[in-house]
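Q: Spelled out from the first residue to the last, the chains are:
Protein chains: 2
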Amino acid sequence: MQPVLQLYNTLSRTKEVFEPITPPHVGLYVCGPTVYGEAHLGHARPYITFDVLRRYLTHLGYKVRYVRNITDVGHLENDADAGEDKIAKKARLEQLEPMEVVELYTGSFHTSMRELNNLPPSIEPRASGHILEQQAMIGKLIEQGFAYESQGSVYFDISSYSKQYDYGTLSGRVVEELLAGAGNERRTLEGQDEKRNPADFALWKKAQPEHIMRWPSPWSDGFPGWHIECSAMSAKYLGDYFDIHGGGMDLLFPHHESEIAQSQGSCGHHPVKYWMHNNMITINGQKMGKSLGNFITLSELFNGTHAKLTQAYSPMTIRFFILQAHYRSTLDFSNEALQAVEKGLKRFMEGVKTLLSLQPSKESSFAVDPLIASYHEALCDDLNTPILIAQLYETIYQGNLMASGKASLTAADLQKLQETVKTMVFEVLGMKTEAEAATDKVDGLVQMLLEMRVEAKNNKDWATSDRIRDQLAALGIQVKDSKEGSSWSFS
Amino acid sequence: MQPVLQLYNTLSRTKEVFEPITPPHVGLYVCGPTVYGEAHLGHARPYITFDVLRRYLTHLGYKVRYVRNITDVGHLENDADAGEDKIAKKARLEQLEPMEVVELYTGSFHTSMRELNNLPPSIEPRASGHILEQQAMIGKLIEQGFAYESQGSVYFDISSYSKQYDYGTLSGRVVEELLAGAGNERRTLEGQDEKRNPADFALWKKAQPEHIMRWPSPWSDGFPGWHIECSAMSAKYLGDYFDIHGGGMDLLFPHHESEIAQSQGSCGHHPVKYWMHNNMITINGQKMGKSLGNFITLSELFNGTHAKLTQAYSPMTIRFFILQAHYRSTLDFSNEALQAVEKGLKRFMEGVKTLLSLQPSKESSFAVDPLIASYHEALCDDLNTPILIAQLYETIYQGNLMASGKASLTAADLQKLQETVKTMVFEVLGMKTEAEAATDKVDGLVQMLLEMRVEAKNNKDWATSDRIRDQLAALGIQVKDSKEGSSWSFS
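Protein sequences, first through last, are from chains A and B.
Mapping of the first sequence onto my numbering: position 291 corresponds to residue 291, and the numbering continues sequentially without gaps.
Mapping of the second sequence onto my numbering: position 419 corresponds to residue 419, and the numbering continues sequentially without gaps.
Any given hint could be a false lead.
Note that identical chains are pooled: a pair holds if it fits in a single copy or bridges any two copies.
[To be verified] Here are the simulated EDC-like pairs of lysine to aspartate or glutamate, each with C-alpha atoms no more than 20 angstroms apart in a straight line:
id, residue 1, residue 2
1, K140, D166
2, K89, E77
3, K236, E100
4, K63, D240
5, K480, D369
For the record, the hints were derived by calculation from the structure and aren't laboratory data.
Please model the entire structure based on the sequences and the hints provided.
A: Printed below as a string of structure tokens:
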């Protein structure tokens, strides 16, 4: 029997049986990046985690609509609605039109996601492309008395909202404390005096005259606050009550808490059935941050060009590294850990290859059904990918026994096991064989030929030695002889 | 001396010296695809043409802002504002949310563009992301008396516009004829009776109740017409007077003519300095069309899966094919033509490789400056890529003479020529070495080793023969021996 999928719901702080609102459809919303810089290690974890969730739900037969936004306006440097818009600032520094910055980093984000083998979302809406939808929701919040205009900007009124709904349930914050004092130090930040309470957050910001990203609105020429885009776009594409909302734990407060308040304030009920949060990645035990010099972009990881890296790590090494920890555990990045994963991944993929090339026997020396069941048990237990990988290692061990004649499976059993392993490794975990393979093989083959050339020379068989060099040259491979031996390059 | 760039301006029907409005900046707008299906052969030509234009302008030192839109709403099946929205129809047929259709085909369009080695545009705005901007322009047109509301939709009033401006100058249409009768047969099409004149075109369409893609507006809940997006988005990102507007000749009328009318009607002057149009691709002399069974998508071309194709053609073969004709000439696609280009490209790239690996001599037997000048002369003559390629073939011929010792260049001359050829081939024409290379080499290398194994066997040198097989196996290459000889596969 197929085990029942359970997911940890941050809202209830328990694992719950997953029951979609309108099966077989599943609506999944995940907060996407603010595209003002290269994607970094911190981006890898949520997007791999929810990619695997989407892949597994699809494997289970659900029709998943996966919406992941692009924040291209409204994300200010400071969460308390102060400082410059991150994209506007980058545009100023790079002397570009803000949308050029957006395009550049959206492109490099997509490249990184492709390399990590994350499937593209079903819909990838942009904040700047949904100004009307955000304005409509802001209008509703003002109507309901949960938002107020102040000098052309509009703020969410936490005090008024709290009289009708609980604010802070997702993150466990106590609204009285938030309202009382938590924000006093923020008073000094520009624009804070427009707010009735420092804990209130911006829904619409009036644009300064020099601000390029601006749109007309009933309140001012301006731009939306950071939180409102996710409420407006998730409602537009998934409805005002949908199945799963995912994101990193760092977004729990204020971002997700504000999303709940906005959605509930405008449509009268909680917007999401299951809230899921992945834990953070630390680097050698420290939080990642530009000031600590440990801020590593994904492309730096893939080509090894950051000072903290002793080598390059392939996208599949990063993916395997992330999937070998449960998504709700912290995960510490270090060269040592990554190197261990790299070795492990090599063994793992070789083991999978061996397993997939095995021949059947007349009898089965072990049962495949419990092994296969264990895969689903792991995934159904709140997407426990490390346990799944451990079970796959166990399967590989059996495969190696079979390869050396110490175990066996009938054709039917073998086929069932091979099909399931293929599905789990490539479709659900989303691993792929690395493209490096072809280049690696060229090197291995050329080395074989160079060794044979050395032998021929030692035997004074000049004809063979020259022939090897000439044939290699014809293939576009140039051999260079020196005192230390022969090396080669593409000519 | 650097020759002066001249471009053919459709507006004046002459070649004109290119002088940007605000050097060193160049604004370039190219009409992008309507993303309701796979990119096809017809998409390859404009995007390769204007990619090369952008690359050459950048090479000349201009700072190019290249804007290419994505039409994700408003493009109806029939140019006379009738029929379903193309994306809404596809969404209905595929049972998807329209934005899922948009995402799917935007993704596959990007993949095809990457394969063709077209650089991404600086900004790629979406029609649905610029509803407010389009509404603002429609509002201005109504104010100026060039547009009118009718049953919730808004139409451009060609008759009123023609009293103040010329309509039809770009395409050479005569406005009296358009207004008099050209559209009589359109009367029967749904929605045409809302228009004062059948030649008028939609700026805003009231949405039918079942229509999902809809936004509030002062006139109705609806969606923008097809033409208005390009006027609104080009003005937003390039200003209301910019340098170059490009597109296929099929867009001259009504699309570009309508763009001019909208922009001029709202801002009072012509929006574009140089209008450039690429000619069409025919297939075996026929127009490409779904009913003719000759509608070939780019991915079908790349993998050879269309009935009209006798083989697959690599993206670089397609690129070279397109660049070997002048962009304003018609270009006929056929298997024979493509196969000839494939062979030519192979010779061309081998010639380039030879040239780049040449060694200098003490004297130059020919002059490099006239050769180099000829490249720029070709490109400056309205982007004449076939002449550039012919001149590069001439250079390759010289390179082959040098390789066989019949010509020579000094180190300085050789370096200058090599640098320029590299720039022209890879940076300006945007050719790249095909990825097939690595796999090809693997086969060549394995064949060499298999031949050596046959020899060893013939010499009864079983040790060597076995060693080759075992070492190949260790590299993941399996040798299969049969009566016909040995073959190999990745294990």
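Q: Report the numbers of all earlier hints that the structure fails to satisfy, in ascending order.
A: Of the numbered hints, just 5 does not hold.
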